[in-house]
Amino acid sequence: MSGAAENTIKKEPLVRIVKRDGATFPQKVAVRVVAILLALVVDAIFIFGVTGLNPLGVYSVMWGGTFSNPTRFSWAMRDLATLLCIGIALAPAFKMRFWNIGAEGQVLMGGLVTALVMVYFGNSLPAPVLFATMLVASVAAGALWGFIPAWFKAHWNTNETLFTLMMNYVATSIVACMTNIMRGKASSLGTLNKATKAGWFPAIAGQRYTINIIVVIVLTFAVYAYLKYSKHGYEITVVGESENTARYAGINVRRVIIRTMLISGAICGICGFLIVAGKDQTISTTSAGGQGFTAIIVAWLAKFNTFYMALISFLLIFLSRGASEISSVYSLNEYATDIVTGIILFFILGSEFFINFRLIWRGKAPKLTKEGK
Amino acid sequence: MADTQIAIRLEKVTKTFGEVVANKDVSLEVRRGEILALLGENGSGKTTLMNMIAGIYYPDGGQIYLGGQAVDIRSPRDALALGIGMIHQHFKLVDVFTAAENIALSMDAAERFDLKRVRDKARAICEKYEFGLDLEQKVYEMSVSQKQTLEIVKVLYRGADILILDEPTAVLTPQETEKLFNVIRNMKADGKAVVIITHKLHEVLAISDRVAILRKGEYIDTVDTKTATEASLTEMMVGQKVELNIERPTPENTVRRLAIHNLSVTSEEGIKLLDNVSFEAFGGEILGIAGISGNGQKELLEAIAGLQPTERGSDVQFFAPGKGRAMELLGMSPRDIREAGVHLSFVPEDRLGMGLVGSMGMTGNMMLKSYGKGRTPILDQKAPRALAEEIREELGVVTPDLNTPVSRLSGGNVQKVLVGREIAASPIVLMTAYAVRGLDINTSYTIYHLLNEQKKKGVAVVYVGEDLDVLLALCDRILVLCGGKVNGILPGATATKEEVGLRMTQLQKEVQQ
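Here the protein sequences come in this chain order: A and B. Residues in the first sequence are numbered from 31 upward in steps of one, following this note's numbering. Residues in the second sequence are numbered from 45 upward in steps of one, following this note's numbering.
No lab work stands behind these hints: they were computed from the structure. Quick reminder that beta carbons are idealized off the backbone N, C-alpha and C, glycines included. Check each hint, because a few of them may be wrong.
Stated by the list, open to error - Straight-line C-alpha distance at most 25 angstroms; calculated SDA-like pairs for lysine to any residue: (1) A:125 with B:445; (2) A:49 with B:446; (3) B:417 with A:255; (4) A:49 with B:454; (5) A:49 with B:419; (6) A:261 with B:419; (7) A:258 with B:436; (8) B:426 with A:255.
Said to hold, decoys possible - Short derived list, chain B residues pointing at chain A, Cβ under 7 angstroms: (9) 62; (10) 351; (11) 398; (12) 413; (13) 423.
Chain A extracted, bound-state conformation:
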């Protein structure tokens, strides 16, 4: 064995990873700032090396995608409101460890019934009653789309990930079917009530999307408080942590699962309502635009804190608007701009690692003694 012993004497590993015990707030900020700066440097190398453009010029165009004028900014806020709204809707379900991948479908269903109410009652009901009907109908439709998988999960422990995912396709097909029935081979219902603007959210203070934004702000606070300070929120946390603990505590697990998914689906339904009444004034199979999936990232990154969700939604919207601005101004290929924003996102997400861990390089460890040869 002695031969082997001599052969395998090796040096200390080059680098070791050690878990941090809770970084302080300034440390967290510093790590993130460094991450963004590094991302910009790497991006600059990429931009200059591949396109030969001045990176600073590109960055200012990117910034302008959201901030160059009030219209741009209001569009960004509109998109932010939609994305954040779905993220908020997912928070209770995810906190309960119920993988609701079906926001897309829940939003579409909410939007579809809103549109139907606009079509069939738009010109017969007075405005307040009309909006109330649209709201109630969208909440009901979204909640129904959340309830179905929850009920199966609660009673037969079906896999909610697959179930909610499949419900998306059902919803998309229903929307396609309805547009075909109502408008023949069109891909959307077309702008609804164009002449009367019945069921359109009015512009407030010159802004078309004010109502959307206000509703989402209210939801941000409401869901935060619901999860943190209510008995329901407590039950959600316990069920999410361990169903056995929940049963031990006397919590009716089935009821909590169904109730929470009703809420999650209902908020998605409201989002569909906002999209149709406050943004598009129509419905199509692409009305949710994949935001139901992007919102999953938002909810997870924010660890279900609705205020962090607002920040992360903003970052994502800022990057995507910046990217499309770059590609149109410089007539760049979309893939190139995707790389630019992808690098920024990568660095920001990657910096999480340095918030939770630190590296010890060879020879830098606090070695106490090494004598005794």
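Using the hints, position chain B against chain A.
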């Protein structure tokens, strides 16, 4: 080979995890041809220390010497190449492979794959050290003890001459333990160095030549086993004299609180887990429940607590203080039971998976059973915080903050939080399952003391335990479960360990009728 006597030597080895110092300046040596017991309480850093020798962790400071030579062990592969093999508490085997195939898995990359040669070599090892191992048996068909044997053979196959066993007896019956000890003695006779990590004193005295003691990550001393006693070892391990006596105050004014008749539980697979169990529990006494793990203890307590569906004909009656009529508990959910005013406290076996919410702090866990009080939809966090503060003070729970997730606390503190909450609910019946499992000596005695206090207050305490010495010292009556049946109820004061042990494994005639 400068020094053939010393197999491995540690010098001032230090390991930290974040701010937690797991090992601080530990220096000790293991000699060839000896069995060294590494003794310490849970969390004293025994496993961490050995993991550094086995290449799982890398020390933050200090040096390891092998046969007088400084070595850097960076991975388990390095360790094996140096002849160091560790048998972990959790086995690392492929279930669908046979024993021989699992051994082949640990072959060197350079070695040619030849199952027959592996088998022959492994068989030779088995014969040499008297292992009873069927090399053709699949792992999933093996008992825990057989799997452990396989792990040892695997390590020996790789040519290890320094063996480290991490709490090897924790999962074994007394007979299996004796067999293992014989094998270990054979390895010692062959000149191998064996380290056995344990916190069981009688095993240390039975098998080891020397004992190294760790306390809170620091090395205390190494002593010859011949000169040591249980009391002297305990004192070194705990750092102070510990009274190893458990009180058993005479029961006074006992009142019937629970009457269980013909309780039967069948699993979803159709296996009888409890078979016509009948007994009574009285306020003012501790009823012990003995049995080999998995003989219905869990189902029994959960059935009483409203967590386990029961067979038709089962009956659990509760006698509330000051009321003549009995109340039927079966068919009620835990919440129904609580709302009916039955103060039934339950410390389940799975502390973080059932009794507590790991991600919540002490405050959040205090309200697990009481959060629903009142009509308001808003959570009351004030009262639970006050209760958490009180329990932290009274039981000396070590936690940085009342909101620190309890899953980050040490095992003893987790149990104090759970027991503290259950006792604070002023129980009439208090059921505990393996209340001291994994706890250090001091915390264990704190728990015994708390149970005795509850008994004196007139609470009916049901204590499911695994340590027969404790059951015999603490309980007024001991109910033995065997295969889901009641196999006798013995008075704690006169029952013997042999009798209880026998009833745990063999059904008695009187019950079989």
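So, going through the hints one by one against the coordinates:
| no. | hint | verdict |
| --- | --- | --- |
| 1 | A:125 with B:445 | holds (23 angstroms) |
| 2 | A:49 with B:446 | holds (22 angstroms) |
| 3 | B:417 with A:255 | holds (19 angstroms) |
| 4 | A:49 with B:454 | holds (18 angstroms) |
| 5 | A:49 with B:419 | violated (44 angstroms) |
| 6 | A:261 with B:419 | holds (10 angstroms) |
| 7 | A:258 with B:436 | holds (24 angstroms) |
| 8 | B:426 with A:255 | holds (17 angstroms) |
| 9 | 62 | holds (4 angstroms) |
| 10 | 351 | holds (6 angstroms) |
| 11 | 398 | holds (4 angstroms) |
| 12 | 413 | holds (6 angstroms) |
| 13 | 423 | holds (5 angstroms) |
Checked against the numbered hints given earlier, this structure breaks only hint 5.
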